[in-house]
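Given only the sequences and the hints, what does the whole structure look like? Please build it.
So the protein lines, in turn, are chains A and B.
Residue numbers for the first sequence follow our numbering, so the first one is 1 and each next one is one higher.
Residue numbers for the second sequence follow our numbering, so the first one is 1001 and each next one is one higher.
Simulated from the structure, these hints should not be mistaken for lab results.
C-beta atoms are modelled at their ideal positions from N, C-alpha and C, and glycine is treated no differently.
A couple of the hints might just be wrong.
[Said to hold, decoys possible] Which chain A residues face chain B? A few, computed with CB under 7 Å, are given here:
#1 A18
#2 L22
#3 L34
#4 I65
#5 I73
#6 L76
#7 M99
#8 L134
#9 L138
#10 I149
#11 I163
[To be verified] Below, computed lysine-lysine pairings styled on DSBU-like, alpha-carbon distance capped at 35 Å:
#12 A:K25 x A:K166
#13 A:K25 x B:K1100
#14 A:K25 x B:K1095
#15 A:K166 x B:K1095
#16 A:K165 x B:K1088
#17 A:K25 x A:K165
#18 A:K165 x B:K1100
#19 B:K1100 x B:K1088
#20 B:K1088 x A:K166
#21 A:K165 x B:K1095
#22 B:K1100 x A:K166
#23 A:K25 x B:K1088
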Amino acid sequence: MTASILFFVLATVALAAALGMLLSKNPVNSALWLILNLFCVAGLYLSVNAEFIAVIQVLVYAGAIMVLFLFVIMLLNLSETPDLKRVDWRRIFAFTLGMGLLAMMMFIVADALEVMPDPIALEAAASNGSATSLATVLFTKYAMPLEVIGILLLAATIGAVVIAKKQPV
Amino acid sequence: MEITLNWYLTLSALLFSMGVLGFLFRRNAIVMLMCVELMLNSVNLSLVAISQSLGDSAGLILVFFVMSVAAAEAAVGLALVIAIFRNKLTIDITKINLFKY
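Structure below.
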């Protein structure tokens, strides 16, 4: 019972934070709403016993990436903030209706094919999300992708420095 | 009421569509990048929920890699925003038309 209450509270706050990110005019406010959303998602990771992913979420997303965003927002020091585009509510309504219809059809098809997911078995998942079991898999079976990700991050770092450098005109 | 996997997937879909809407309707390039982060994050949520539901750690490993790609994307994207701001003095994407002519 407490688990379901926790889920609903976290889900509601996450959705409200996402909405706040969409609707706030100041980009700094958007970034702060997104940080709240990321914290709520980290709480949801905890609720399915994925502790290590939750810690990484807080460290990497809410820590590193969002600090980078806030740093760039404050570095640019925008004089006028571009506000929301003229919102056409009919198109939003049509988009929402279409997505709802698509979701309903996919639900029906999945139900007919009997591929509906089972409830989350927390007992089986308890050993799955720990740092030990994750590291064992990551450094044995997925060692090669890990190295590739390292090269990708190096390339992204060098690329970011080169792109943001002052160009000699 | 028991929380099943469907609830997590529904929440993930809602967050993803919010990210899509923000990406389509915002004009600030930095906020658009943040919406991309929101979309990646919702995909991570569904990956973690499915992985824990099946008791398989492959999804959690994939979440690692998605986070790394998100970090790389944020770094390069913000560097691009800085470079564009240096040239055009705006990050309003309706005023950036480098490919127009």
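Legend entry - Numbered hints the structure breaks, given as an ascending list: none
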